[in-house]
Amino acid sequence: MNRMLKPALFVLAVVAALGVTAWRLYRAAQPAELALYFHPFVGPAPLVLNQPRYQNPGGEGRFKVRDFQFFLSNIRLVGVAGAFVEPDSYHLVRFDGDDPAFVIVLHHVPRRNYERIEFGIGVDAAANRSLAQRGELDPNGRMAWNWEVGYKFVLFEGSLLRGNASAPLVYHVGFAENYRLISSTLHRGLLDRGLARLDFRVDILSLFQGPTNIDMAALPSVKFERSDAALLARNFAALVTPMWPDPAAGPNQRHSNNR
Amino acid sequence: MFRLRLAVVAAALIAGLLAAMVTGGCRKPRRAATPLTGFSAPFVFGRFQVPADNPLTVESVELGRRLFYDPRLSANGRVSCSTCHIQRLAFTDGRTTGVGVSGRPLAFNSMSLANLMWGPQRFFWNGRAASLEEQALVPLQHADEMAQDLKRLVRQLADDALYRKLFETTYGEISSSTIARALASFVRTLVSCNSRYDQFLRGEITLDAQEELGRKLFMAHPDVKVSLRGANCIDCHSQFLTSGSSARYDGFSNNGLDDEAHLQSGLQAVTGDPAHRGLFKVPSLRNIAITAPYMHDGRFKTLEEVLDHYDSGIKNSSTLSPLIVEADNKGGAAAGRISLHLTAGEKAAIIAFMHTLTDRDFVTAERFSDPFARK
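Protein chains in written order, with the working numbering: chain A, -13 to 245; chain B, 11 to 385.
Excised from the complex, chain B in its bound form (with noise of 0.2 angstroms):
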């Protein structure tokens, strides 16, 4: 009799467990989104991820790209993502540095958005932020750049019948995380794969000869003592992608702009590690050509002053990169002076290459544009 009722009980628990585990985390009903289906990129950019609880759908794309460009973002409603990032210029703005709301402007250079799926996975200039949908919030709320409260703004989208039902179908519900998510999904789709240096790379056309000159001299680091020529660019940026590679903090250099005295915190601010002060994120060179100015105070306006830098204006400090010193065309580099060596016509093959980078699909493409925009 015992046994009989034990085995009631558990048969009950057991039924129990089950049906709430049929029912629980099943919140109220919705039609699900779409899988963005057909999303690829080229093999040589390696493989990407896309976080699990934020997976690509056409609805979240469309949703964040519809963010992206709306100045109900920013507190006064006159600033959007889109003010800082203009397709046209690859998602950069032009200024030496960022203006916002508070038309003070920022520390920083407007970082051209391209292929962020790959590359460094920490973001801003001093790899502040470990996603992109962490990433996406600060700009949101910072005093100087969108200076908006999340609370309002979720509730100003949610006044917004059209916002309704894209975040319902989306995600199901509007909060900061779902705006972060939407933001993150579309600037993943921002995907640069098109200019000629890409159609080289799949053997569709053939560069010029300077600009293979410039090709060769970007991917070598010079070794004299095997006469070959080099600028040393691919040490930081990458043969496919000209970024910085992904794995751990490799995608962060010292890249000797400034002296000992002068050296800013970069990652340091992030790690706490006195050896990456100074250090800040390599930037992908994709559409370089239209993202003038640069470095990440946007000390630079052109890229013939870029070239100059790397040759013959680096500044010695403690964390400078070991290779950018080493690295000299004359084998002289153990005598003190840091140089390139490059010849006039070195440099300026380099800058033909990096012109090869400009991707006019990407920065022409309907899909990446205003969506408020009259047609």
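Okay, chain A solo, but in the shape it has when bound (with noise of 0.2 angstroms):
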């Protein structure tokens, strides 16, 4: 009996990890998802969807935010073996206050070691003087100026509260001229787990932050004119931010901005 089983059990053991070693060479040639999730915050503070609870930066009062939505274009992985880019990418990310954050999943993303993370912010300009409906762009949507304009890339809208005067606040930025790309550093392995994601901060408040805040009294809208839209836009880089530390930072910076 005993003699019968010692080689059964080795068979059994150089079966199982040839079947191991296939399963990993399988899973590495499979295409991986990656989630990106991308959280809304108002400064430090997490956005509460219609409550005045924000400080007006650059001026007296308050303000809330009834909607805000933004396009999100061209996302692509870049590494040194190739990149990852998403077909027809164009993402709507809007916050309407039923789920913590809004998500974009990847999908089919070969397994490859990717260095850094581009994407726009707004619609680029072949995509925005076109009608065709591409990814989430849409001419009947709400995100449409008309079709001589283009698209808004950015809209914000809300009120101003001032003792009991509430002013409306309405945001639009878009020309080809304010689309941005965005890049963010990786770190090794990000696809080398089941689940991969990666959570980026949606900052608000930074579209109205500079070298002077703005007063959201001094200027309650933004629309057509290009110089005001520009302000706005030039800040378009800190709208969207890795919440995963620098990978090229030290360890003690590391802990730190680890939320």
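Read the hints as simulated data drawn from the structure, not as lab findings.
Some hints here could point you the wrong way.
Claimed, not checked - Which residues of chain B face chain A? A few of them, derived with a C-beta cut under 8 angstroms, are:
id	residue
1	229
2	333
3	335
Claimed, not checked - For lysine-lysine, the following DSSO-like pairs were computed, each having C-alpha atoms within a straight-line distance of at most 30 angstroms:
id	chain 1	residue 1	chain 2	residue 2
4	B	235	B	340
5	A	50	B	325
6	B	161	B	175
7	B	311	B	226
8	A	50	B	235
9	A	50	B	340
10	B	325	B	235
C-beta: ideal position from N, C-alpha, C; glycine also.
Fit the two chains together into the complex; they arrive one by one in their own frames, and the hints show the way.
Okay, here's the thing in structure tokens:
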């Protein structure tokens, strides 16, 4: 009995080892899914819609956010071995108060080592001129101005409360020149795990911050005046920032940045 | 020996499974319905979706058309869908609010039925139905509208040899679900896309100067900083469809009809969200010149009254859109008074543009007409 069991066990072990190796090779060849989470903030505070919680960044009063949406386009993962380019990559990131974060899932991502993730805030010039419904671009949607003007890239609608007075806030920022590419450095081994994800902070307040903060009472709306639009767009790079520690930073900083 | 027996059992099991897969799900054989080929819509309307479990077929559309015009769908045999949705009036009824079997006026104005595969995919003024199939059975059973009992209706239709044949070919059975699917199929084909505005979009005609001014005003949110005059219609009524947007609840809006104290629940009745109080579905403006009276309660008799409302009759409330409050061609929005400050000429131009949305083909097309009518 014992004499027969030993070779059987040996064969079983070899088969198991081969199986595990084959499974690993198979899995490495399988494309991954990568989830991008966008968490809305107003400065340090998480976004809560329809409540006048937030201080006017450049003046008196408090503001509330009724709607906030923006286009995030042309997502790419870039590595030495090649890039992953999401097809028809036009996403309308929106916060409606029912989910704590907005999620974009990238499908069929080849498992390589990617060094950075890139995407645009807004809509690139070619797509902005087009009536084609690529991704979530919709000429009959709320983000469309009209076919002569193109899309709003960022939409913020709300109101400013000063004393008992309430004034509407309408910030519609568009125009091809305000399209911005954003790049964030990635950690190695991002796609090794089964459920890969990246978390981004979306800070609405960043649109109004600069060398001098914008007083919402003095500038309650931004629409077609190009210099106004450029004023809000100058901070698009700070609108969406990675929530993971910068791989280039030292270990101490890594801890303090980790939320 | 044991192994052999195992293999036999396994083979039998697999064969059994395969047999079940082949025969299962396949009920009594019937002639397949004919897919509706050649159905198309303008590129600028954008994508549309037909539910996978209710494809458009020649038979489903024809059956739906028959049901739409059949007064047997009501308890007293006198009211059909077409009682409140008259083709000549772009499938409205000309009344302030609809009137059905009870004779009591309904709470809402009868909506036009055009291009319903685009724009908000929730139906009724407050969005309480999530599909056209779901929508179809509501007026059928409503005590004031058609007050029909669905089981009774299924029996009545089963007594009719033609309906038996049509349902058999189309869906294989008569049920409340197949009645709803047929009605939804017909309604999906009600596409209005040959108005003068459509012809203009296709580059076939030009608009006259007044219509063109109206179009420009319709399509612009005013901005005094760049001397852009506008009536901000497009903020809610999309540029090509002239309906609300399709994404989530973007196609619902509080357009300033009532002040805070008189605000109706609207979309809040469906979502429970206080931010949705007083929001109603933004309708398509296709054929708007022939679908008076206007608004969810039919309170405005003419387009002039509608324009006066948007220009200077807006009532403020907590859920009123900031886009309406802020839109002012004089740039005085912060002063507290809400007004577009349009000129009389501008209002007339916008109305002239709205007349270009009338589609004569749509309101006369044979395929949308009463199949019971004597020719």
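Status of each hint after checking the structure:
1. Proximity of residue 229 (chain B) to chain A holds as hinted, the smallest CB-CB distance being about 4 angstroms (cut-off 8 angstroms).
2. Interface restraint check for residue 333 (chain B): the shortest CB-CB distance to chain A comes to about 6 angstroms, inside 8 angstroms, so the restraint holds.
3. Taking 8 angstroms as the C-beta cut-off, the interface hint given for residue 335 (chain B) holds, the closest approach to chain A being about 4 angstroms.
4. The hinted pair formed by residue 235 (chain B) and residue 340 (chain B) meets the criterion: a straight-line CA distance of about 10 angstroms does not exceed 30 angstroms.
5. Using a Cα cut-off of 30 angstroms, the hinted pair residue 50 (chain A) and residue 325 (chain B) holds, with the two alpha carbons roughly 21 angstroms apart.
6. For the hint linking residue 161 (chain B) to residue 175 (chain B), the alpha-carbon distance of about 19 angstroms falls within 30 angstroms, and the restraint holds.
7. Straight-line distance between C-alpha atoms of residue 311 (chain B) and residue 226 (chain B) comes to about 25 angstroms, which keeps the hinted pair within the 30 angstroms bound.
8. For the hint linking residue 50 (chain A) to residue 235 (chain B), the alpha-carbon distance of about 24 angstroms falls within 30 angstroms, and the restraint holds.
9. Restraint check: the Cα-Cα separation between residue 50 (chain A) and residue 340 (chain B) comes to about 25 angstroms, which is no more than 30 angstroms; the hinted pair holds.
10. In summary, the hint linking residue 325 (chain B) to residue 235 (chain B) is supported, as the alpha carbons are separated by about 26 angstroms, within the 30 angstroms threshold.
Taken one by one, the earlier hints all hold for this structure without exception.
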